[in-house]
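Student: No gaps in the numbering here: position 237 of the sequence shown is 237 in the UniProt record's numbering, and each next residue is one more.
The hints are simulated quantities; they were obtained by calculation from the structure and are not laboratory data. A quick note: this is a predicted structure, and the numbers were derived from the prediction, not measured. Treat the hints with care, as some may be off.
Listed next, the in silico BS3-like pairs over lysine-lysine satisfying Cα-Cα at most 27 Å (straight line) [said to hold, decoys possible]:
id : residue 1 : residue 2
1  : 252       : 158
2  : 158       : 218
3  : 73        : 114
4  : 221       : 78
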Amino acid sequence: MSLPSWQNITSQASERDEHSSLQVRLSEIPPHILALSAFVLGSAATLAATSVRARYFQRFPSSEWVPPRALAKKRWMKGVVTSVGDADNFRLYHTPGWFWSWPLKLRRIPSTTKDLKDQTLHIRMAGVDAPEAAHFGRPAQEFSSEALLWLKEQVEGKAMYCQIIRRDQYFRLVSIPMLPRRWLPKFTTPITGRCVSIDMLRAGWATTYEQSGAEYGKWGKETFLEAEAEAKASRRGMWKHGVSAETPAEYKRRYAAPEVNLAAGSSSKPLDTSPKRKT
């Protein structure tokens with residue numbers, strides 16, 4: 001049996017002395033200072049945990065729940081597309097944090113209309129304008145059904161990232177939609193993914209949105225216009241019969257004037273020129 005060396009005995013004695021010295025110093029600190037320090041450290045830890053939860057783990061059930069700070073910072077929202085209602089907007093079920101996909105799928109995404117009610121973000125694709133479907137008595141624009149089918153095939157039921165930019169007048173979130181690249185980790189999508197808006201322009205099923213409040217993300221307007229020009233030159237999608245096809249913006253202008261006249265006519269009343277009966 002070997003005896004402990006002199007160096008080990010000296011080291012252990014030194015550690016005991018340091019521990020005793022630390023206890024003495026702590027005992028000299030007034031109790032209210034210790035209590036205040038513990039409160040400050042606890043508060044800081046709570047604030048840090050709350051901030052991390054709000055940034056990475058808080059789920060927003062609908063567009064109205066998204067806070068202004070998230071819009072101001074143009075945050076990325078990860079989710080799964082549950083439905084496509086129009087050719088340039090869709091519904092996204094927000095899936096922050098972990099455990100939404102295999103092999104560690106512990107959280108479930110609702111699948112029924114009842115369970116999804118008021119539980120999805122209404123996304124308006126930034127930078128594009130697609131052919132209009134039939135709304136409010138207006139006939140559907142040519143190629144609207146084809147554009148809708150294209151978008152459904154691209155995004156419905158798929159996981160994607162959306163960079164939210166602002167809320168529009170219909171409380172939709174104007175966003176840059178990105179699909180992950182095959183064989184690349186999904187968390188790299190904001191950097192390496194495919195922009196659905198640009199893909200739609202290249203396929204010929206949308207035009208570049210150039211009205212007030214237009215957003216084009218990191219690519220800029222020129223990239224969007226180039227993608228549209230490429231589709232026109234190749235006669236893809238809505239341009240298959242030529243570049244003179246009516247654009248969504250022209251369609252809206254064509255139906256705007258009659259609506260204004262109709263509204264004005266319904267609100268105006270003819271003057272009553274019948275003679276008044278004396279009493």
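Student: Kindly indicate which numbered hints from before are broken by the structure, ordering the numbers from low to high.
Tutor: When the structure is compared with the hints, numbers 1 and 3 turn out to be violated.
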